[in-house]
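Each residue of the sequence shown is one higher than the one before, starting from 1 at the first, in full-length UniProt numbering.
Keep in mind that the hints are not guaranteed to be accurate.
As the list claims (entries may be wrong) - Only pairs whose alpha carbons sit at most 30 Å apart, straight line, appear in this in silico BS3-like list of lysine-lysine:
{"hint": "1", "residue 1": "LYS345", "residue 2": "LYS250"}
{"hint": "2", "residue 1": "LYS235", "residue 2": "LYS250"}
{"hint": "3", "residue 1": "LYS235", "residue 2": "LYS58"}
{"hint": "4", "residue 1": "LYS345", "residue 2": "LYS283"}
{"hint": "5", "residue 1": "LYS467", "residue 2": "LYS334"}
{"hint": "6", "residue 1": "LYS283", "residue 2": "LYS51"}
{"hint": "7", "residue 1": "LYS334", "residue 2": "LYS345"}
{"hint": "8", "residue 1": "LYS44", "residue 2": "LYS58"}
{"hint": "9", "residue 1": "LYS46", "residue 2": "LYS58"}
{"hint": "10", "residue 1": "LYS334", "residue 2": "LYS283"}
{"hint": "11", "residue 1": "LYS467", "residue 2": "LYS250"}
{"hint": "12", "residue 1": "LYS250", "residue 2": "LYS409"}
{"hint": "13", "residue 1": "LYS283", "residue 2": "LYS58"}
Since the hints were made in silico from the structure, they are not lab data.
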Amino acid sequence: MATRPASYPITSDMNTSVARVKQILAGQEKTMFLQYITETYETKYKETLPKNWCIDVKNSQNSGLTVDNPCKGVWTVMLTVGSNTHSNRNGSINNSNSPRRSTQQYHELNSEQQLRHPPNYQAQQIKPHQVEQQITQQQTSYSHVPPISPVECRSPYKQTQQVKQKQMELKINLEQTSSHYAPPMSPVECKTPSLTSEDSFSESSLPPLTALMIGLNLKDTSNESQESVQIPALKMPESNFWDVYCTYIKDCNNIYFRFIGEVYSNAYDDLVTDMELYYMEEKNLSPVTTPTFGAVYAASHDESWYRVQLLGLDGDEASVMFIDHGDREVISVKNLHHLKNQFGKLPAQGVQCSLAGLDFAPLDGSTLIVLQQMALGKPLVAQVMSRNIVTSVVLFDTSTNDDININEKICEQLENSFSEPHFPYVGGVAEIYVSHATPTGDIYVQIETETFKVLENIMDIIRSTIKDAWGKN
């Protein structure tokens, strides 16, 4: 992944910076956080905004931008209603229609911003051979997402993109309304239309994160129950072709994705927005004093808020799993806060899967990089092959005219990495296993190599399959 420079040159001309920010906000009717705008600005223009840019714009007249400072250290920017939004090459403003940021400008973000919160993505269920008729223009644009390195693939999205103007106005006027502020409704509460069986969410306990307890906000003065509750399970679609967004890859047996499409994407985006707005207020923070193993908390990490499950403690550090993404991280216990009850109503969005036919394959560094380049941070079509504890799938990249079978590509990569065993150089030492000795004194040995490990894994799978088929020990 490209290294972010320590600093960019500052755009000194105010008119130029305003025109560029308008381009970033083009087509948006929502308030955007300054941090997101700054990061997009730096990525796109290789320059940065002046330190007091928001103050200067706020004090200027007819800039076409509405700048606000809802709380200490937080700035928001939006296009002024009725202003022209699209700038041409020389920086002048015209009235031409602008592309939506949710697709085009998303690809201008660096890879650290892409994994945990992609833009709204609406897709119908599609089969690989139907891609030309059914794939949307939004999905096609994702093919330009840059590869993400295996070491840095677990980087959070910095700021939410879905802040609604009404919510922002409500937040700004908190002190003027009531000391008992009720935050925006959760995605589950907001969605009143009935859902199909494919899109509905089950209320049973969530496997494999069984009996996830929510750390409730103990400072909350509302009438919510203080008892531990369970995060509802995410009901898998009945179809065998799923639209998914890959969020984390460890190996062929540990791949995580989120479902995408109107219902799933909107619910998740709303959750991210609501949590960001709620925990932005210092009075809503409730640090965890006695962490409970297996409980789900709200975690502040890299200037964003996530739902995490506590896996372990080591002094003042906590090992957590981001339940909506699948990756694990070690964070400070001080960053754990009790989760507001309403934020536990949406099922955990991270779904674990394995690549069908590749469960035997240990990934070396080069193969893992290839898999991450092909799948990580991209919308894909997953064909379900089996529905065990971990769902086995074949992944297709359908962003081009020719569907790419990712499983086949990884299998080819593995085959190219196989090698015949060789003894070490004269005088060298190698660990061997004597597999056979003939009466005439011929000795056969096995040398442990990556290829041999693959063979061992295949044999283990064969033995397990035979055992299950015959029901014998």
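Evaluation of the provided hints:
no.	hint	result
1	LYS345 - LYS250	holds, 28 Å
2	LYS235 - LYS250	holds, 24 Å
3	LYS235 - LYS58	violated, 47 Å
4	LYS345 - LYS283	holds, 22 Å
5	LYS467 - LYS334	violated, 48 Å
6	LYS283 - LYS51	holds, 28 Å
7	LYS334 - LYS345	holds, 24 Å
8	LYS44 - LYS58	holds, 23 Å
9	LYS46 - LYS58	holds, 24 Å
10	LYS334 - LYS283	holds, 16 Å
11	LYS467 - LYS250	holds, 28 Å
12	LYS250 - LYS409	holds, 17 Å
13	LYS283 - LYS58	holds, 27 Å
Hints 3 and 5 from the list above are not met by this structure, while the remaining hints are.
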